[in-house]
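Engineer: Each chain, written out:
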Amino acid sequence: MNITQTKSPGANNPITKILSWFGTTLGQLFISVLVPAITFLVLWQGYLFLQRAAAPQIVQVLVAIVWGVGGVALLYVVTNWLVMKLPKKVAKTLQPFVFVGPAVVIMGWFLAVPVIRSLIASFRNYLGTEWVGLENFKFAFTDPRMLETFRNNLLWLVFGTFFSVAFGLLIATLADRSKAEVLYKSIIFTPYALSFVGAGVIWKFIYTYKGTGIGIREIGLLNAVVTALGGTPQPWLNLTPWNNFFLIVIMVWLQTGYAMVILSSAIKGVPAELLEAARIDGANEFKIFFSIIVPYIKGTLLTVTTTIIIFSLKTFDVVRVMTGGNNGTNVIANEFYLQSFTYNHAGRASAIAIVLLLLVTPVIVNNVRSFNQQRRGF
Amino acid sequence: MAKSQRSQKSSQTFWTNFVLIFICVMWMIPILGILITSFRPSDEIFRNGWWNVFPHKEDLEISRVVIPESVDVDGPITYGGTTATFQEWQRGIQLEDGTKATWFGNKRTRTMVISENKWVGFATNLNLQNYKDVLTGKTITYKNAQGQTITRTGNNLGGAFLNSLAVTIPGTIIPILIAAFAAFGFAWLDFPGRNIVFTIIVALLVVPLQIALVPILQDYVKLELNGTFLGIWLAHAGFGLPLATYLLFNYISTIPRELLESAYIDGASNFTIFTNLILPLSVPALASFAIFQFLWLWNDYLVALVFLGEKNQTVTIAVAQLVGEKGQDWHLMTAAAFISMILPLAVFLGLQRYFVRGLMAGSVKG
Amino acid sequence: MEKGYAIDMNTLINPDWIKTNYSDAWQALAKMTGPSGEIAAGIWARANGKSFVFYPKKAFDEAGYKVPETWDEMMALTQQIADDGDTPWCIGIESGAATGWTMTDWIEDLMLRVAGGENYDKWVAGELKFDSPEVKEALDYIEAIWFNDAYVYGGRAAIPTINFGDAPKPMFENPPKCWFNRQGNFVTTFFPEESVAGVDYSFFYLPGIKEEYGKPVLGAGDIYAVFNDRPEVRAVIQYFSTGESLKVWVESGGAILTHNDASLDWYVDPVTRGVAETIRNATTFRFDGSDMMPGAVGAGTFWKYMTDYVSGSITRDEALKQIDASWPK
Numbered sequence: 001m002n003i004t005q006t007k008s009p010g011a012n013n014p015i016t017k018i019l020s021w022f023g024t025t026l027g028q029l030f031i032s033v034l035v036p037a038i039t040f041l042v043l044w045q046g047y048l049f050l051q052r053a054a055a056p057q058i059v060q061v062l063v064a065i066v067w068g069v070g071g072v073a074l075l076y077v078v079t080n081w082l083v084m085k086l087p088k089k090v091a092k093t094l095q096p097f098v099f100v101g102p103a104v105v106i107m108g109w110f111l112a113v114p115v116i117r118s119l120i121a122s123f124r125n126y127l128g129t130e131w132v133g134l135e136n137f138k139f140a141f142t143d144p145r146m147l148e149t150f151r152n153n154l155l156w157l158v159f160g161t162f163f164s165v166a167f168g169l170l171i172a173t174l175a176d177r178s179k180a181e182v183l184y185k186s187i188i189f190t191p192y193a194l195s196f197v198g199a200g201v202i203w204k205f206i207y208t209y210k211g212t213g214i215g216i217r218e219i220g221l222l223n224a225v226v227t228a229l230g231g232t233p234q235p236w237l238n239l240t241p242w243n244n245f246f247l248i249v250i251m252v253w254l255q256t257g258y259a260m261v262i263l264s265s266a267i268k269g270v271p272a273e274l275l276e277a278a279r280i281d282g283a284n285e286f287k288i289f290f291s292i293i294v295p296y297i298k299g300t301l302l303t304v305t306t307t308i309i310i311f312s313l314k315t316f317d318v319v320r321v322m323t324g325g326n327n328g329t330n331v332i333a334n335e336f337y338l339q340s341f342t343y344n345h346a347g348r349a350s351a352i353a354i355v356l357l358l359l360v361t362p363v364i365v366n367n368v369r370s371f372n373q374q375r376r377g378f
Numbered sequence: 001m002a003k004s005q006r007s008q009k010s011s012q013t014f015w016t017n018f019v020l021i022f023i024c025v026m027w028m029i030p031i032l033g034i035l036i037t038s039f040r041p042s043d044e045i046f047r048n049g050w051w052n053v054f055p056h057k058e059d060l061e062i063s064r065v066v067i068p069e070s071v072d073v074d075g076p077i078t079y080g081g082t083t084a085t086f087q088e089w090q091r092g093i094q095l096e097d098g099t100k101a102t103w104f105g106n107k108r109t110r111t112m113v114i115s116e117n118k119w120v121g122f123a124t125n126l127n128l129q130n131y132k133d134v135l136t137g138k139t140i141t142y143k144n145a146q147g148q149t150i151t152r153t154g155n156n157l158g159g160a161f162l163n164s165l166a167v168t169i170p171g172t173i174i175p176i177l178i179a180a181f182a183a184f185g186f187a188w189l190d191f192p193g194r195n196i197v198f199t200i201i202v203a204l205l206v207v208p209l210q211i212a213l214v215p216i217l218q219d220y221v222k223l224e225l226n227g228t229f230l231g232i233w234l235a236h237a238g239f240g241l242p243l244a245t246y247l248l249f250n251y252i253s254t255i256p257r258e259l260l261e262s263a264y265i266d267g268a269s270n271f272t273i274f275t276n277l278i279l280p281l282s283v284p285a286l287a288s289f290a291i292f293q294f295l296w297l298w299n300d301y302l303v304a305l306v307f308l309g310e311k312n313q314t315v316t317i318a319v320a321q322l323v324g325e326k327g328q329d330w331h332l333m334t335a336a337a338f339i340s341m342i343l344p345l346a347v348f349l350g351l352q353r354y355f356v357r358g359l360m361a362g363s364v365k366g
Numbered sequence: 001m002e003k004g005y006a007i008d009m010n011t012l013i014n015p016d017w018i019k020t021n022y023s024d025a026w027q028a029l030a031k032m033t034g035p036s037g038e039i040a041a042g043i044w045a046r047a048n049g050k051s052f053v054f055y056p057k058k059a060f061d062e063a064g065y066k067v068p069e070t071w072d073e074m075m076a077l078t079q080q081i082a083d084d085g086d087t088p089w090c091i092g093i094e095s096g097a098a099t100g101w102t103m104t105d106w107i108e109d110l111m112l113r114v115a116g117g118e119n120y121d122k123w124v125a126g127e128l129k130f131d132s133p134e135v136k137e138a139l140d141y142i143e144a145i146w147f148n149d150a151y152v153y154g155g156r157a158a159i160p161t162i163n164f165g166d167a168p169k170p171m172f173e174n175p176p177k178c179w180f181n182r183q184g185n186f187v188t189t190f191f192p193e194e195s196v197a198g199v200d201y202s203f204f205y206l207p208g209i210k211e212e213y214g215k216p217v218l219g220a221g222d223i224y225a226v227f228n229d230r231p232e233v234r235a236v237i238q239y240f241s242t243g244e245s246l247k248v249w250v251e252s253g254g255a256i257l258t259h260n261d262a263s264l265d266w267y268v269d270p271v272t273r274g275v276a277e278t279i280r281n282a283t284t285f286r287f288d289g290s291d292m293m294p295g296a297v298g299a300g301t302f303w304k305y306m307t308d309y310v311s312g313s314i315t316r317d318e319a320l321k322q323i324d325a326s327w328p329k
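Residue numbers (our numbering), protein chains in the order written: chain A, 1 to 378; chain B, 1 to 366; chain C, 1 to 329.
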């Protein structure tokens, strides 16, 4: 971007002289160095200030927030500005990388590189000292503990995803038409605001079993309902294999809010004229729903389903907090945790992580391909 | 025509609301349970269910009766006109005069409790003790060697709250910013390797963050980033970027091509298109993801524990310490769960109108 | 240890003093093999014991029961209480992600009593397998109590669901809903605040079973080690080897000492005093086994498979085999 020098009135004014010098190539170069340098300096000072931790805490926190957010925004602006200064052809090729670069670098460092390290570790023994080839993978695919996790994750995948998306869609659609929409959506979303430990405590009060005997009063809601109806109380979370379903209920309770939020914004994007026209033509609500709304939001539906499928494969916290993976509720991520941190078998843990990655890839590839069909960049 | 449409509409509204209300009530019951439990004294929590807080019928003791020595408790026992075995008396038997007799303790006590089934009102011993303990720290009293009573209070949550804010706010905004830039790049800009890199990014969605903990920690120690806020922002950015990029990509790619084309024709650069066109249009998606990321960070325990540690405790870490190493004070979790829920809910309520708005409301003419 | 960093205590403190002030059991526990042979790698500070059964003393005495001295007496008393119409034992092993650790304590206590200290050491070192007659015998004794629904409050199915801290609570109800809770002495912190040690509750030593193995005690403790031999360090460690150094802690009611010169009068309540006395007089003292086993087993498969076996989702033999299979090679 070259500033064309124009003759303006008062061109001999010293200030204008200085300003116009910036227009020259030398000046441009100077600025190209100065601006990033100043930016860097400001950020560095902020960093040092935070490091010293001398100011009262609330000041610290405010500075941290401003510095963090402002710093990142500033970095983008400055980098883009720099790239734009380069010759046009170079700029055009480089600019997408300004946009995409930071994300790729961060994800590379935090996720991709550890995966490579894991891949290497998966071929080694538990201390990481010897090469054992495919032995860890043999464990990952054939050990009965792993087979149990595969079965369980499949259950989570099928039932957890289906019900989360179904409920999310149902509520998003219905709430859209009612007056107290915000209230309903807030209620459904509330579980998502809880931490996993909080959810664990909550459902503990539903599933608790105090045992059978004279004078024992159940404190878990489910058992209380069962005894009130005349049945015998059960240790729900210890009943193999039904306990998996009781855990999946918790997941649905947590995830529906997420699905609802995303699907809701998609549903609201369906043009009102389309719906009106269909109604005037006499179509009933069910027909409208299945023939107009669902196809229109197909893309979002696919996105939500994909992410929930992936979460169900990754599920860890609920299982860990509620049962620790005992009594036949083990899932892949929990076995990974046990192998890494409890049994200290880095090789097996890494193999499990790689297997998880492999399981997910088909889902992803399918999705990306369907989007890329219409993608043509500028 | 109009009349049947109206009645069809009103019956629809009825069913819609009915189904919604039913689902919402079922949804809230677990949370209601915990809310009530958080007000109960800790020893009661274990003894009976939280619904006993509400008015209900219960057997209240009116008197006790001692069975004379002459009666053999191993055989049939007669009282109040009824004969039964010890086991049956243990469970409690309705007598003819409407009262209930239940054996007290084991055979050696030789006592029966006579009770009447009466209505009991709302529980009166609800208190804020659990909340006090969580907010201001538990008070422990003990006698030292000189016999003096010493009182110590644990940490309160105020500082932890500020730390959580310092972690959550930038930790939400930074990844969204980075992801928005990247999503735009993947959706609308052409560059070599675009498809492959994007596929890899989406594949990274499945990587369990536990894989990265130890390697990143080692890197941080070398870079002296351990225990700093910058460290945890970067970590959360790394873990959250795949999902953010994926979601925002799906959203941004639905923006009509014509809109962007007309902007290019008008001479705008990629950067200005991004800031003036894409960002405002994406507000629903940005707001949605902001909520998820905020909640995830606010409730996160593992990453904060590993990368921040004890020095800059967040609320989750402070609460976990409260519950005690062996989990003996888990009843405090009931109050803690509520306290830490308030802010995320407020954020949700504040931001939810951003995605209640339609996708492209007001940006397309005609 | 292997690198020789820990300094032999016998060179820092008068060896005779160590011999007098610590029982044989404690001395044996501190012996480790360094590069130059066996040394006393440290000296002990606090201890805690696990071979105790707590009971609601007041109600117990009122009901006319007698404290059992032998295992058979204890089982007879168990049956007696069951005949009287109560469930005698309160057992709970739930503990979040650490569920099952209470059971491992039970098993270790039983191993000491039916297999003896030497076999116990072999077992902890991995030489004696889980799938062995000794371990199975210990489990038989446990099953005689745990798997009998009449003996356990809530029945067998409730054991893996009841939190270990909640388990003793029914003992303090009026009337007590259960009477015995076998647990480490730390559990007194879970008892209701108003209950008075020695009055409302007390404990008895979990009786031995086989005569030849005497009265073993299972427990754990803190140990001091020294890595730098300097005059100040010497002075400090010599001080730590006396009971005096921790007297204040004891009098505040928070510690039990391993030192013989710590007078029993320092303890503030009869229960803690009794526990300290039992530990001091132990003929065999052993450290908690699951703490000493490799983490993969002691804090992993041992807990997991024992819990599954109690819940009934796996057979005993299968569980033992799995634990053996998980031992790191």
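If you're looking for bench data, these hints aren't it; they were derived computationally from the structure. Hints are supplied without guarantee of correctness; some may be wrong.
To be verified - Distance condition first, Cα-Cα at most 30 Å in a straight line; then the derived DSS-like pairs of lysine-lysine:
#, chain 1, residue 1, chain 2, residue 2
1, B, Lys-107, C, Lys-58
2, C, Lys-247, C, Lys-122
3, B, Lys-107, A, Lys-268
4, A, Lys-138, C, Lys-321
5, C, Lys-66, B, Lys-107
6, A, Lys-298, B, Lys-9
7, B, Lys-100, C, Lys-129
8, C, Lys-129, A, Lys-138
9, B, Lys-57, B, Lys-100
For clarity, every value in this text was computed on a predicted model and none was experimentally measured.
Engineer: Is the hinted pair Lys-107/B and Lys-268/A satisfied, with a Cα-Cα distance of at most 30 Å?
Structural biologist: violated, 69 Å
Engineer: Does Lys-58/C sit within 30 Å of Lys-107/B, going by the straight-line distance between their CA atoms?
Structural biologist: Roughly 17 Å separates the two Cα atoms, so the pair holds.
Engineer: Between Lys-129/C and Lys-138/A, does the CA-CA distance stay at or below 30 Å?
Structural biologist: holds, 25 Å
Engineer: Between Lys-298/A and Lys-9/B, does the CA-CA distance stay at or below 30 Å?
Structural biologist: holds, 27 Å
Engineer: Does the alpha-carbon distance linking Lys-247/C and Lys-122/C stay inside the 30 Å limit?
Structural biologist: The hint is violated at about 36 Å.
Engineer: Does Lys-100/B lie within 30 Å of Lys-57/B when you go C-alpha to C-alpha?
Structural biologist: holds, 13 Å
Engineer: Holds or violated: Lys-138/A and Lys-321/C, Cα atoms, limit 30 Å.
Structural biologist: Judged against 30 Å, a Cα distance of about 20 Å means the pair holds.
Engineer: Taking 30 Å as the top limit, are the C-alpha atoms of Lys-100/B and Lys-129/C close enough?
Structural biologist: Not satisfied, since the Cα-Cα distance of roughly 56 Å exceeds 30 Å.
Engineer: Assess, step by step, whether the Cα of Lys-66/C is no farther than 30 Å from the Cα of Lys-107/B, and give holds or violated.
Structural biologist: holds, 16 Å
Violated hints, listed in ascending order, are 2, 3, 7; each of the other numbered hints is respected by the structure.
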